[in-house]
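> Sequences listed follow chains U and E, in order.
Going by this note's numbering, the residue at position 125 of the first sequence is 125; the numbering climbs one at a time, nothing skipped.
Going by this note's numbering, the residue at position 268 of the second sequence is 268; the numbering climbs one at a time, nothing skipped.
These are computed hints drawn from the structure, not numbers from a lab.
Some hints here could point you the wrong way.
Derived DSSO-like pairs: lysine-lysine, alpha-carbon spacing no greater than 30 Å straight-line [to be verified]:
(1) U/Lys-342 with E/Lys-36
(2) U/Lys-69 with E/Lys-414
(3) U/Lys-36 with U/Lys-137
(4) U/Lys-178 with U/Lys-217
(5) E/Lys-340 with U/Lys-23
Protein chains: 2
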Amino acid sequence: MLYRKEDIVMIPCGIPYIFGTTKESGKNVLPDAPLKNAGVEVIIGEIESIDCNERQCKSESGELISFDKLIIACGSTPYTPGWLEGSQLDNVFVIPKNKVYLDQFKKKIENLEEIVVVGAGFIGVELADELVKGNKKVTLIEKMPQVLPAAFDSEIAEDAESKLIERGIQVMKGVGVKKLDGQNSVEKIILDNGAEIKADAVVLSMGYRPNTELAEKCNLKINDLGFIQVDEYMRTGVPGVFAIGDCAEKRDFFTRKLSSTMLASTACAEARIAAMNLYSLSILKTFSGTIAIYSTAIGETSYSTAGLTESQASSEGYQIATGIFEGVDKHPGCLPNAHKQKVKVIASKECGTVLGVEIIGGISGGELINVAGLAIQNKMTLASLLSTQIGTHPLLTGSPAGYPLIKAVEAAWKNCK
Amino acid sequence: MLYRKEDIVMIPCGIPYIFGTTKESGKNVLPDAPLKNAGVEVIIGEIESIDCNERQCKSESGELISFDKLIIACGSTPYTPGWLEGSQLDNVFVIPKNKVYLDQFKKKIENLEEIVVVGAGFIGVELADELVKGNKKVTLIEKMPQVLPAAFDSEIAEDAESKLIERGIQVMKGVGVKKLDGQNSVEKIILDNGAEIKADAVVLSMGYRPNTELAEKCNLKINDLGFIQVDEYMRTGVPGVFAIGDCAEKRDFFTRKLSSTMLASTACAEARIAAMNLYSLSILKTFSGTIAIYSTAIGETSYSTAGLTESQASSEGYQIATGIFEGVDKHPGCLPNAHKQKVKVIASKECGTVLGVEIIGGISGGELINVAGLAIQNKMTLASLLSTQIGTHPLLTGSPAGYPLIKAVEAAWKNCK
Numbered sequence: 001m002l003y004r005k006e007d008i009v010m011i012p013c014g015i016p017y018i019f020g021t022t023k024e025s026g027k028n029v030l031p032d033a034p035l036k037n038a039g040v041e042v043i044i045g046e047i048e049s050i051d052c053n054e055r056q057c058k059s060e061s062g063e064l065i066s067f068d069k070l071i072i073a074c075g076s077t078p079y080t081p082g083w084l085e086g087s088q089l090d091n092v093f094v095i096p097k098n099k100v101y102l103d104q105f106k107k108k109i110e111n112l113e114e115i116v117v118v119g120a121g122f123i124g125v126e127l128a129d130e131l132v133k134g135n136k137k138v139t140l141i142e143k144m145p146q147v148l149p150a151a152f153d154s155e156i157a158e159d160a161e162s163k164l165i166e167r168g169i170q171v172m173k174g175v176g177v178k179k180l181d182g183q184n185s186v187e188k189i190i191l192d193n194g195a196e197i198k199a200d201a202v203v204l205s206m207g208y209r210p211n212t213e214l215a216e217k218c219n220l221k222i223n224d225l226g227f228i229q230v231d232e233y234m235r236t237g238v239p240g241v242f243a244i245g246d247c248a249e250k251r252d253f254f255t256r257k258l259s260s261t262m263l264a265s266t267a268c269a270e271a272r273i274a275a276m277n278l279y280s281l282s283i284l285k286t287f288s289g290t291i292a293i294y295s296t297a298i299g300e301t302s303y304s305t306a307g308l309t310e311s312q313a314s315s316e317g318y319q320i321a322t323g324i325f326e327g328v329d330k331h332p333g334c335l336p337n338a339h340k341q342k343v344k345v346i347a348s349k350e351c352g353t354v355l356g357v358e359i360i361g362g363i364s365g366g367e368l369i370n371v372a373g374l375a376i377q378n379k380m381t382l383a384s385l386l387s388t389q390i391g392t393h394p395l396l397t398g399s400p401a402g403y404p405l406i407k408a409v410e411a412a413w414k415n416c417k
Numbered sequence: 001m002l003y004r005k006e007d008i009v010m011i012p013c014g015i016p017y018i019f020g021t022t023k024e025s026g027k028n029v030l031p032d033a034p035l036k037n038a039g040v041e042v043i044i045g046e047i048e049s050i051d052c053n054e055r056q057c058k059s060e061s062g063e064l065i066s067f068d069k070l071i072i073a074c075g076s077t078p079y080t081p082g083w084l085e086g087s088q089l090d091n092v093f094v095i096p097k098n099k100v101y102l103d104q105f106k107k108k109i110e111n112l113e114e115i116v117v118v119g120a121g122f123i124g125v126e127l128a129d130e131l132v133k134g135n136k137k138v139t140l141i142e143k144m145p146q147v148l149p150a151a152f153d154s155e156i157a158e159d160a161e162s163k164l165i166e167r168g169i170q171v172m173k174g175v176g177v178k179k180l181d182g183q184n185s186v187e188k189i190i191l192d193n194g195a196e197i198k199a200d201a202v203v204l205s206m207g208y209r210p211n212t213e214l215a216e217k218c219n220l221k222i223n224d225l226g227f228i229q230v231d232e233y234m235r236t237g238v239p240g241v242f243a244i245g246d247c248a249e250k251r252d253f254f255t256r257k258l259s260s261t262m263l264a265s266t267a268c269a270e271a272r273i274a275a276m277n278l279y280s281l282s283i284l285k286t287f288s289g290t291i292a293i294y295s296t297a298i299g300e301t302s303y304s305t306a307g308l309t310e311s312q313a314s315s316e317g318y319q320i321a322t323g324i325f326e327g328v329d330k331h332p333g334c335l336p337n338a339h340k341q342k343v344k345v346i347a348s349k350e351c352g353t354v355l356g357v358e359i360i361g362g363i364s365g366g367e368l369i370n371v372a373g374l375a376i377q378n379k380m381t382l383a384s385l386l387s388t389q390i391g392t393h394p395l396l397t398g399s400p401a402g403y404p405l406i407k408a409v410e411a412a413w414k415n416c417k
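Okay, chain U solo, but in the shape it has when bound (with noise of 0.2 Å):
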């Protein structure tokens, strides 16, 4: 049995693309029929309370429901700053994943001209994108030096941000938000050092927080991120309860150290783990701590990444080789179509093994990445990396010989020695 709140889902990351792509959040429903065909119950519905003795869960209308084996599930919610003057202004909004308040968004800024957006991680950066594609006037702010500080070192943040520039943002960096300013509505944002810009509305971008609630109504243990703690196989202390997704605790892969990257694709790692280590314990399916594989795209341009980047392998404190090579998509580059593929591999110099992998391409980067991302699951290094076998096709992918993964391995093999 499903129980879950919303009565139709959107597809969490196809949520900026509501503003432009796809123009509705009609199109951006996940579909209920793979869970019924798969033979689920699906409630809508909240739970108020669980009774881990009693195995049992008590609903809004006060229906109880017994259990054997309970998956916490409940996401996250945008973290809204609660010290920030002016937040509570009309026209200020958050990014939830919630139909009926999106579609509100939606229609609210219709008419509106100068938004502005701050935080530039993937989803302020995305909805920033299709927010001008629909003719606003876009300013897109980031307390950190760079754009997407989380995913990418500054020299392809860099890349990242001329193209957010070229298509007509105005991208700020390096700067917080001091207060929103206003009579019933926002009407201009004041930044940390004074600078005031014009805003009919303001969207905060600025993460998000799992939702861990209930988790805490019955005792679950929560970490010091604020997740709910989990062990390998996706279990809380209490046994046979379960908790993954964006509420469940997430480590990294390296360095198992606390981590509060939270990605579709490692919610869906951790279900397929939590689903197979129900009933009965598997010494083969555990989830290896968090790889953050994840991509996105500004036009034409794809920006993906994988592991650690250069900036966060250094201060965790690897000593590390990196390598960079920049080719073509197709070959020869001539192919219609063709788009620049620029390729970082970070690894560690004392034994070659992959920590990271940073790519600008074309759309086949985001299938690229996860080559990366699943070099870095097998703990691959750059020698076994320049012996590995490439499929390649002249419409398709770089060429053989100048395929740009197995490049920037090579150039970072080298910076090894």
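We have chain U already, so just place chain E on it with the hints.
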């Protein structure tokens, strides 16, 4: 020092496209700059003989070139069936990696209308598709009961065949060629079943044979399939003499049986391995046998393969389980340029090890097959793939919950029980 016959080198897998997409062979040239920048001296000419004892080669012009290490990378030549009556007629062509020949071939067929391509492997299929784009009337003949017989199981090949037919190619399967007929130029082709087809030109795309003449002259061992024998490090039996690429022995990744699949990507992996083992041997960098990862595109549809097909795996004697899933390569599926993505996974029933993957998709299929290839190379099992993290993005990949590769793995896993 690189000694080579051709003044200008064709990008091998780009050759079919000079007949349509790239329009001219001059746009399909492998540049020399990377070689020269790497400090390679390139000499145009032919080596006539090698004296392994004296450690020297003799060129056609009588020049003696001494060596410490020698790498034979003589490539392959199109198979020309000596037994085929009429194969010497005018306007009967093969597809060698030779710019001069290809330019003449292209010029000669310019005003010809009806062209028959014999052999529906990748090159035959691609050439037929390019010719039909140029408004030729094209017939494609394949002796085996399906197109692309070495790469795909019949259900995938049928999809490719229907695409070819849609695009105006007449496809005839399960029938061999008996003879070619004509006065000076070929006029018709007569099939095994007695059928006759009018032909202004015939292209024989019946496979390639390794170039081993030079190797035979200096008594290097040739294997039963006609390739130069090599070990895991691409070493021939003679100390300091290596062979790589189409002329060098290949073995299947799983069975270690001799293989005759020649691919540029395999050649590149072999080249790197030979180079990395030239002066001192490495435990880390050995050639693990050919996985045969390759792909093609017919219009917007890509067809990709890695490892063994179901029929190959079965006939080798593996107990197998397969899984198929058909999804979309973007999410939601209503996004522009979304393409069907169908994945077939073939695995060992005994241990779940992935033996092969076949994909029908859009542009991104060409990199998705490399995800599969890396899984095979790492001897990953269905179970480990089920707990693998895959990066996804609405505009770039299938959805995390419906990612066709993982869903096909899931289906195969269920079939393992």
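> Hint by hint, say whether it matches the structure.
Taking the hints in turn, this is what the structure says about them:
no. : hint                     : verdict
1   : U/Lys-342 with E/Lys-36  : 22 Å, holds
2   : U/Lys-69 with E/Lys-414  : 22 Å, holds
3   : U/Lys-36 with U/Lys-137  : 43 Å, violated
4   : U/Lys-178 with U/Lys-217 : 34 Å, violated
5   : E/Lys-340 with U/Lys-23  : 22 Å, holds
Hints 3 and 4 from the earlier list are contradicted by this structure; the remaining hints agree with it.
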